[in-house]
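> Spelled out from the first residue to the last, the chains are:
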Amino acid sequence: MGSGVNGMEGRGLDESLAELRQTFRSGKTRTASWRKSQLKALLRLIHENEDKIFEALKHDLGKHAVEAYRDELGVVEKSANNSLSCLDEWMAPKKSKLPLLFFPASAQVLPEPLGLVLILTSWNFPISMALDPVIGAISAGNSVVLKPSEQAPACSSLLAHTIPLYLDSKAIKVIEGGKEISQQLLEQKWDKIFFTGSSSVARIVMSAAAKHLTPVTLELGGKCPVIYDHLSSPSDTEVAVKRIVGGKWGPCNGQACIGVDYVLVEEKYASQAIEMLKKTIKKFYGENPEQLQNISRIVNEHHFQRLRNLIKDPLVADSIVHGGLIDEEKLFIEPTILLDPPLDADIMTEEIFGPLLPIITLKNIEESIEFINSRPKPLALYAFTKNEAFKRRILSETSSGSVTFNDIMVQFLCDTLPFGGVGESGFGSYHGKYSFDNFSHGKAVLQRYFFLELEPRFPPWNDFKMNFIRLAYKFDYLGLILLLLGLSRD
Amino acid sequence: MGTLSVNLLHFCSVDGGYTRSLRNQFPKKRNLLLPIPVLNKQKRLQFAHSSFICSAALAVMPDEIKKVFDIESAASLMKELRGSFNSGKTKSYEWRITQLKGIEKMIDEREKEILEALRKDLSKPEAEAFMSEISMTKGACKSALKELSHWMKPKKAKTSITTYPSSAEIMSEPLGVVLIISPWNFPFCQLLSVDPVIGAIAAGNAVVLKPSEIAPAASNLLSKLFEEYLDNSSIRVVEGAVPETTALLEQKWDKIFYTGSSRVGRIIMAAAAKHLTPITLELGGKCPVVVDSNVNLQVAVRRIIAGKWACNDGQACVAPDYIITTKDFAPKLIDVMRHELEEFFGKNPMESEDMSRIVSVQHFKRLTNLLDEDNVSDKIIFGGQRDENRLKIAPTVLLDVPEDTEIMREEIFGPLLPILTVEKLEESFNVINSKPKPLAAYLFSENKQLHKDFVNNISAGGMLINDTILHLTVSSLPFGGVGESGMGSYHGKFSFDTFSHKKAVLCRGFGGESSARYPPYTPRKLKLLKTLNSGNILSILLALLGFSKD
Chain G
1 MGSGVNGMEG RGLDESLAEL RQTFRSGKTR TASWRKSQLK ALLRLIHENE DKIFEALKHD
61 LGKHAVEAYR DELGVVEKSA NNSLSCLDEW MAPKKSKLPL LFFPASAQVL PEPLGLVLIL
121 TSWNFPISMA LDPVIGAISA GNSVVLKPSE QAPACSSLLA HTIPLYLDSK AIKVIEGGKE
181 ISQQLLEQKW DKIFFTGSSS VARIVMSAAA KHLTPVTLEL GGKCPVIYDH LSSPSDTEVA
241 VKRIVGGKWG PCNGQACIGV DYVLVEEKYA SQAIEMLKKT IKKFYGENPE QLQNISRIVN
301 EHHFQRLRNL IKDPLVADSI VHGGLIDEEK LFIEPTILLD PPLDADIMTE EIFGPLLPII
361 TLKNIEESIE FINSRPKPLA LYAFTKNEAF KRRILSETSS GSVTFNDIMV QFLCDTLPFG
421 GVGESGFGSY HGKYSFDNFS HGKAVLQRYF FLELEPRFPP WNDFKMNFIR LAYKFDYLGL
481 ILLLLGLSRD
Chain W
1001 MGTLSVNLLH FCSVDGGYTR SLRNQFPKKR NLLLPIPVLN KQKRLQFAHS SFICSAALAV
1061 MPDEIKKVFD IESAASLMKE LRGSFNSGKT KSYEWRITQL KGIEKMIDER EKEILEALRK
1121 DLSKPEAEAF MSEISMTKGA CKSALKELSH WMKPKKAKTS ITTYPSSAEI MSEPLGVVLI
1181 ISPWNFPFCQ LLSVDPVIGA IAAGNAVVLK PSEIAPAASN LLSKLFEEYL DNSSIRVVEG
1241 AVPETTALLE QKWDKIFYTG SSRVGRIIMA AAAKHLTPIT LELGGKCPVV VDSNVNLQVA
1301 VRRIIAGKWA CNDGQACVAP DYIITTKDFA PKLIDVMRHE LEEFFGKNPM ESEDMSRIVS
1361 VQHFKRLTNL LDEDNVSDKI IFGGQRDENR LKIAPTVLLD VPEDTEIMRE EIFGPLLPIL
1421 TVEKLEESFN VINSKPKPLA AYLFSENKQL HKDFVNNISA GGMLINDTIL HLTVSSLPFG
1481 GVGESGMGSY HGKFSFDTFS HKKAVLCRGF GGESSARYPP YTPRKLKLLK TLNSGNILSI
1541 LLALLGFSKD
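Protein chains in written order, with my numbering: chain G, 1 to 490; chain W, 1001 to 1550.
If you are wondering where the hints come from, they were derived from the structure by calculation, not from laboratory data. Computed from a predicted model, the values in this text were never measured in an experiment. Hints should not be assumed to be uniformly reliable.
Unchecked claim - Which bits of chain W does chain G cover? Going by a derived footprint, with three or more residues having C-beta under 8 Å, they are:
| id | segment |
| --- | --- |
| 1 | 1276-1283 |
| 2 | 1295-1302 |
| 3 | 1305-1312 |
| 4 | 1454-1460 |
| 5 | 1463-1473 |
| 6 | 1497-1511 |
Don't be surprised by glycine CBs; every beta carbon is placed ideally from N, CA and C.
With these hints in hand, go ahead and build the complete structure from the sequences.
Printed below as a string of structure tokens:
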């Protein structure tokens, strides 16, 4: 995989960045027409290259086209369309209320682009995780450098080659490469860095950003739990299990930041839950574990070994109740269920990010709150329950990026909801208007006029002015009038 | 604010009975020694921080040996507050209201002491102190008390057909245990010290406030009053300077809110990176004032003076730093300014009771150094008088100081006001844009088109047209910087949001299950997903029925 700025062989990084800054300064990226034209071009890129994108995803991750459309192209299309239809509204300044005391005046908050932004993305959704933030950055009127993950090389290369053909390459560039390029990029001064990835790299990114006082958004992950309460209706149970299986092994075979990490269930319902999970896995992916269909593979050797090590520990291996088949050649790991692996094993202390699913049993499902609270805050928390009181407890007593009741991962599709973490799962959020805000500075603008001057604002100070200010801050207009007339209520 | 505040000498404070003085060593660049006033007993602390190493010499009076607040004390404080936060008590509406009322009561009952402390630290005139500090804090408290239930209420969000049937909302939850590090220039004020505390409490967090050691009387008073009026299991004040701050920064906070210089801002952010702690940085910058020739000059000048000299003597993050006007208009502007200053502060401003003084000897020296630089001292139009004993510098106006001087590169943060002249006012945009983004930018003009161009072409934390600093009293406007002037914003609801996590909550029912989501995947499922994505109900129905419009 070659590295460097695509389409500008022989030109240095400094020169490319200078060009991007120049474009931003020219004011071109601020116009609504530029932003819209770029969003439309991005949609065209997706439509005209659909097959190539499917192919690249197949190559990097073995993703099936339907999965690829659902989690990648569809997401980008939906975001771009949403931005296009809302852009004028987002760009309009918002009026703020002013106290009467300020009369005559007007106040507003005006969103302005931050400048040149850097987007560092991850390999698990190499198209949507790259282009979704780009849509936000463009919508907000910034110039952009996108650094796709080198661990999904086909997608990285595809983005680097197609983006210049569709988008304005004076304002939007793709820079490919690995660690070294990332380091070089991080040394530069950006107006915003948007990072999707692991919390260990996030610390490096934020430390680098500190040198230039660059604001950052960190989209990390964490161990996202599922609280699986007993549902009395068999049909509900069936739907719940489908959603868990679809949410765990569907999107990139568990290699997703909001994928299910582990399931909490009451002891007495564990075996029933496991049976249903097994049945649904077979229904979705086929009977023969050596020839499963419709499921992504592990991204690379490194992650394959990492996952394999997670289940190497004999105590962990003993807890496997389903699956466990490993095919090193194909980098494939079968959907695997573990029952009560030791809580101090790596599989229960680190984010799994793969097709292994520990089931943790509790005496009482309400204990799950304490269980979750004793671990770092996850990006997403899922709970299948119809118990309203329990729902309220979950909401008020736990903390996570998001909470979804009775489904998995669909919160990602809601443009009206902010998507982002808290604590170890990151900070800053995006999607829809939140993406636009993420890449904008909300500039407060207050307009005053020259007539009607409040003399008591100015020195020399005296008792009258002191009284005036006291009343003014209380917005005590009657008191002010009395004071001005030389009367007093005291 | 105070771009220089890490600048070596600042961490010297006189605090009640003991004196403490520090020396920062920047190993590569400078090595400055300070005379240590009382040297009965000396302790040395070593602490390293990212790129520089500080060594601190503590001089403690023998009869008042205070326990040093070190990393261990910080850790145990953190443990205590975390326990308190985890108990859930700070999350309740009642707790938040009680604490906010506590702050309100504290200000009502102890106003005299607060004003006294401010006079000690900055010889701040009472009316000014009241205007900029006390009443604004009270206002912030009042509005938080009034709006809290509304702020805390989850906001409904629309859901799309893709997730039908469902309902969604956004819930504000407290972040946890937060650290607020505040500056010295408004040590009490709503703005910089108690205002973020109000936001943090309103959002339901446990709070540690580190007031500035450079305003020792206010710092001491805050510590005393917080203990008396607020819930100590969840809200604390830690007094101290660099070593104490360093010990605090070693801890894992859920949010750090810092007001101060961009240099320290970088250190804070690097420390926060280790724990992935989100930060809000309220910094400063050189806030420009562009003055057009078509304005009501008297009103404009009075408003500039109000923002510069009548507001902490220019020692404020939003104070006008320099003026840009046209060559022809400058003499007129200067004349009116001279006249209005005399109206406000009398013939001899050095004797005026209506102006704050410079906070410390160090800042006094920094400011006089700015004035004494070659190419600067001969640009003084009026002012320039100084009195080191009383830490006073007269309002000083300079004309056409060269751009490469210290006074035009650094944030001034004091009573000096350079005026730059340009041929055409539009050139001012280039001057401003060639410097780091300021916290505030001001324009005085009657020209509507110029208003528009100014707002669209200049990036700044906030903008105010035809006045100065007033925008920060508007709680419906976010107050915060961009670029070098910081990140994140606060005031009113924005303070609440700064200290909250916006948790997305999606509730789904068990119906409306679409098999297209699940494998085994088929071409028909792909088509259905595409149609669903288009949001076109008719197409979705057709696709579900197996028809297609194509």
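> With reference to the structure, classify each hint as holding or not holding.
The hints, checked one at a time:
Check result for the segment 1276-1283 of chain W against chain G: holds, 4 residues qualifying (beta carbon to beta carbon below 8 Å, three or more required). With a cut-off of 8 Å between beta carbons, the segment 1295-1302 of chain W has 5 residues touching chain G; three or more are needed, and the interface restraint holds. Here's how the segment 1305-1312 of chain W fares: 3 of its residues keep a CB closer than 8 Å to some CB of chain G, so the rule of at least three is met and the hint holds. With 5 residues bearing a CB less than 8 Å from a CB of chain G, the segment 1454-1460 of chain W meets the requirement of three and the coverage assertion stands.
Against chain G, the segment 1463-1473 of chain W contributes 7 residues with a C-beta closer than 8 Å to a partner C-beta. That satisfies the three-residue criterion, and the hint holds. With 10 residues having a Cβ less than 8 Å from any Cβ of chain G, the segment 1497-1511 of chain W passes the three-residue criterion, so the hint holds.
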